[in-house]
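J.: All chains, please: the whole structure from these sequences, using the hints.
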Amino acid sequence: MNESQTENVIVTEDVKKTYEDNGVAVEAVRGIDLTIQQGEFTAIVGPSGSGKTTFLNVISGLDVATSGKIWLDGNLISEMSGTELSDFRRDHIGFIFQAYNLIPVLSVEENIEYIMLLQGVPKEERHERVVEILDDVGLSGFADRLPTKLSGGQQQRVAVARAMISQPSMILADEPTANLDSKTGSALLDMMRDLNEKTGMTFIFSTHDEMIMERARRLVHLRDGQIDYEENRE
Amino acid sequence: MFKIAFRNIFRQKRRTILTMLTMFGGFVLSAISIGYADGSYSYIIDLFTHNRLGQVQVHKGNYLDRPSLYKTIENYQAVGDTISGVDRVESWAPRLFSAGLASLGDQTVGVRVIGIDPDQEDAATNFSKKVIKGRYLSSQPRREVMLGKGLAKLLHADIGDSTIILSQAADGSMANDFYTVVGITDRGDKMENRTAYYLNLQDAQELFVLPGQVHEIIVLADNIQHLDRLANTIAGTLQNNSLQVKPWMEFAKTFYQAMQADLQGMWIMLFVIILIVAIGVLNTVLMSILERTREYGVLRAMGTRPFEIFRMVIYEVTIMAVMSIVVGTLISVGVNYYFSLSGIALSSPFDWGGMQVSHLYTAVSPRSIYLPAITVFITSLIVSAFPALKAARIAPAQAMRIH
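So the protein sequences, as listed, match chains A and B. Residue numbering for the first sequence follows our numbering, starting at 1 and increasing by one per position. Residue numbering for the second sequence follows our numbering, starting at 1 and increasing by one per position.
Treat the hints as calculated values from the structure; they're not laboratory data. Among these hints, one or two may not hold up.
Straight line, CA to CA, 35 Å or less: simulated DSBU-like cross-link-like pairs of lysine-lysine [what the hints assert, rightly or not]:
| no. | chain 1 | residue 1 | chain 2 | residue 2 |
| --- | --- | --- | --- | --- |
| 1 | A | K149 | B | K13 |
| 2 | A | K123 | B | K390 |
| 3 | B | K253 | A | K16 |
| 4 | B | K3 | A | K149 |
| 5 | B | K71 | B | K3 |
| 6 | B | K246 | A | K123 |
| 7 | B | K253 | B | K133 |
| 8 | B | K60 | A | K123 |
| 9 | A | K198 | B | K3 |
| 10 | B | K390 | A | K69 |
| 11 | A | K149 | B | K390 |
Partner residues aside, some chain A positions facing chain B, computed with beta carbon under 7 Å [what the hints assert, rightly or not]:
| no. | residue |
| --- | --- |
| 12 | N57 |
| 13 | L62 |
| 14 | F95 |
| 15 | N101 |
| 16 | V105 |
| 17 | I115 |
| 18 | L118 |
| 19 | R215 |
| 20 | R217 |
For each residue, glycine too, the CB sits at the ideal point set by N, CA and C.
T.: What follows is the structure in structure tokens.
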């Protein structure tokens, strides 16, 4: 690993992912070299089947690459064991999913503090940080509510808070606005952009939503599992 | 993890209730079955041993295998006194046996003469309560006889009749005498009722010329547990190699084996109950794992280690098992306690080892609770380990694709 790799948040080198679908080998990712730096607000875009979600899963360690190398925060995750990957995700990556995926039996506060619990953060500190981040995402006063008592937009804000609470170096968001109406989606994206500027946390989206593309500073276009072209908006 | 597990069990209330009912049902059925077996067997054993045989018997040499008029326990009073000093011994009673011919009028019947100490026999076996006509034998020897009800019928005997007994005494002389019928007894055993000719022990000793001697000493303990140990203690205390001390399981081997065979049946039934619990728990836990695959995927994505997921599933099952066992314990103890007092009346009484049994009782025994508790708990954990492992091994990316 060279010097530049340690300064970057994500570095991939000829990453490939092939999986079997009903006995047929599908090459979802066909050798992607990508570098993402600290503080970027980047969207990986492309049509359905272009491999963007698969690529996001592979670079986050949710899925295993068939070949190639992946460095996150300077750590070669493509050679980590399952437990090492769990610990790495816990400490370095925040996830935002299309379907919010909050734990339905836990309150807003408990959902947000879950990762801190895994990290062994003391109770008082957990509570202070939850209060602070709920304020940041505009959900003060919602701490004791269950996810089912929130609107879709509110649930996704909780998901953003949950992803950011442990101050990971990157937030990976897979189609975060897909289940929201345009007004709620737009507000959520503005909030995420503000948080990105305020905290310097790296945001990487997988999407084909125009609203996200408009706000992203960098667009990585995928087609047939490969980078088609890139756009830098800065 | 515990918090999530605890709250998870209230998510699908119907399924949780079903799972807990399976565990609860299995527990209660097992607890009541064991309580019923313990209670009824204790009752039957107590009836069987308290009524006639005693729980431990002392004989001279191999009297039990090859009875003989001459195999007697000498100075039985001293032997009995030593036995009564042993811990757990509640009472003892001496008996003398011989065969003879009893006559009344033109009826003559082969009988088993049984010499008893009326007071000691009554203290040990409540024999006076088995007199169905007339009265119990006098404490002092007065040439009185009690007849089993079958024998009384064969002899056409009634209270006040004078019977003649004819036999052989230990000194080789002819043993014969008159005895007046004072009572007719029913001890529950058909054979004994048809042959028993009860005399005062002193009368019998005089008749058979066996002064101070008996053939058998029965011993009653404070309870029926660990009688083999009690028999060993008595044997050790007596320090007399010519005497054999045996618990009822040995001298009533057929009866004991029949009971053991019956107990095996109970264990088979318990195995079936536990199998049903296992299948029920496995089914519902697997269903819940399948339903929450996506959720486990999210937890894994956020950095939850596989073992934590495994632990969460096990916690859920543990909570349900503990709650089922606690409620089950309260219900089972209540049911077993109630039927230990009131008994269960049998629609048709049955004979067991010569005893007629019309009621059976349950028992609130510790094992009727801890055996089902351990079994249900461990079975639930074992069968949920597989789904828990399945949940722990979920691949996050794959799991989150499931809707």
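J.: Determine for every hint whether it applies to the structure shown.
T.: Results of checking the hints against the structure:
no.	hint	in the structure
1	K149/A with K13/B	holds (19 Å)
2	K123/A with K390/B	holds (31 Å)
3	K253/B with K16/A	violated (78 Å)
4	K3/B with K149/A	holds (20 Å)
5	K71/B with K3/B	violated (75 Å)
6	K246/B with K123/A	violated (68 Å)
7	K253/B with K133/B	holds (33 Å)
8	K60/B with K123/A	violated (79 Å)
9	K198/A with K3/B	holds (34 Å)
10	K390/B with K69/A	holds (29 Å)
11	K149/A with K390/B	holds (31 Å)
12	N57	holds (4 Å)
13	L62	holds (4 Å)
14	F95	holds (5 Å)
15	N101	holds (4 Å)
16	V105	holds (4 Å)
17	I115	holds (6 Å)
18	L118	holds (6 Å)
19	R215	violated (24 Å)
20	R217	violated (26 Å)
When held up to the earlier numbered hints, the structure conflicts with 3, 5, 6, 8, 19 and 20 and fits the remainder.
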